[in-house]
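Assemble the complex: chain A is given as a structure, and chain B must be docked to it using the hints.
What follows is each chain in one-letter form.
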Amino acid sequence: EPEVTQTPSHQVTQMGQEVILRCVPISNHLYFYWYRQILGQKVEFLVSFYNNEISEKSEIFDDQFSVERPDGSNFTLKIRSTKLEDSAMYFCASRSGPSTDTQYFGPGTRLTVL
Amino acid sequence: GESVGLHLPTLSVQEGDNSIINCAYSNSASDYFIWYKQESGKGPQFIIDIRSNMDKRQGQRVTVLLNKTVKHLSLQIAATQPGDSAVYFCAENKDNFNKFYFGSGTKLNVKP
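Respectively, the protein sequence lines represent chains A and B. Take the first sequence: its position 64, counting from 1, is numbered 64 in the numbering used here, and each next residue is one higher. Take the second sequence: its position 47, counting from 1, is numbered 1047 in the numbering used here, and each next residue is one higher.
Keep in mind that a hint or two might mislead.
[Stated by the list, open to error] Example chain B residues on the side facing chain A (calculated, C-beta under 10 Å, incomplete):
| # | residue |
| --- | --- |
| 1 | I1034 |
| 2 | K1042 |
| 3 | G1043 |
| 4 | F1046 |
| 5 | K1099 |
[Said to hold, decoys possible] Using 27 Å as the maximum straight-line C-alpha spacing, the simulated DSS-like pairs for lysine-lysine come out as follows:
| # | chain 1 | residue 1 | chain 2 | residue 2 |
| --- | --- | --- | --- | --- |
| 6 | A | K83 | A | K57 |
| 7 | B | K1099 | A | K57 |
| 8 | B | K1071 | A | K57 |
| 9 | A | K57 | B | K1111 |
| 10 | B | K1056 | B | K1094 |
Worth flagging that the hints you see were computed from the coordinates, not collected in a lab. Ideal Cβ positions, reconstructed from N, Cα and C, are used throughout, including at glycine.
Okay, chain B solo, but in the shape it has when bound:
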């Protein structure tokens, strides 16, 4: 099956700094990607998505970059806040929206 993995299991940043969380995917046919945030004891929360016909998408304080050449996805969080502390997952999908593959997650620690 598809493999979606993350480069770093834990990322520690200072409050106010920018954070970059990376994700590699193996299925070059995947055409839709999502970043989720999961706080302790809660379900994944949608942050931002991107389709394969784009290489960048911006939201509120977050930007997702997609590099299809190297099958790499990143999530940039601007001015990281303590409330951003969570585990971040990327997920990929191909053809439809019925089956998603999740990465193993990166834990973001924001130090005050």
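Chain A on its own, in the form it takes in the complex:
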């Protein structure tokens, strides 16, 4: 069964460093999402992406964050200058199209900012 994959599974970085989290959505999907989950808290929406542009973003998704679909398979989340409070699980999700509502989540990347 097709699935969303994410790399790395765990990323450790120093405060102020840039990180790029990578996702490979399900191949025929058109809508892409990033969420984060701080340990012990709820899943929070960050951004949605369709047709090579951002559809929606939350107040969390400030200028330090950016997303990109550099090729036909990858979907990346970049944090330019990480802060301690960026430490969380980051989940990528994808959805096939307008007639299908279901989002499929990847296993997540655990980001630890020291």
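Chain B alone, transformed into the frame defined by chain A:
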């Protein structure tokens, strides 16, 4: 912003019993709701969804009930199994499928 919350943070049930997990939402304009299951160390897994023009939807061993009058959503799991042990989240969406709000989750413990 919207607020989606759960009544009980932890629910313990005996294997074979039915489980009911509740969720309250605050945005009366939300028109689409999903229940997700999250096992430890994994991403959320879709269980079942419901649109606001319905009040009940059934899947395999699961039923979602929507009460728009009191803005309440519930997930019923029949004959709960140890493999059902996980954290369950509800999520809501309005107008499109580009922005979802998640609740804080209920941990379901199934005792053998």
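Here's how the hints hold up against the structure:
no.: 1; hint: I1034; in the structure: holds, 8 Å
no.: 2; hint: K1042; in the structure: holds, 6 Å
no.: 3; hint: G1043; in the structure: holds, 4 Å
no.: 4; hint: F1046; in the structure: holds, 5 Å
no.: 5; hint: K1099; in the structure: holds, 4 Å
no.: 6; hint: A:K83 / A:K57; in the structure: holds, 19 Å
no.: 7; hint: B:K1099 / A:K57; in the structure: holds, 8 Å
no.: 8; hint: B:K1071 / A:K57; in the structure: holds, 25 Å
no.: 9; hint: A:K57 / B:K1111; in the structure: violated, 40 Å
no.: 10; hint: B:K1056 / B:K1094; in the structure: holds, 19 Å
The structure fails hint 9 only (numbered hints given earlier).
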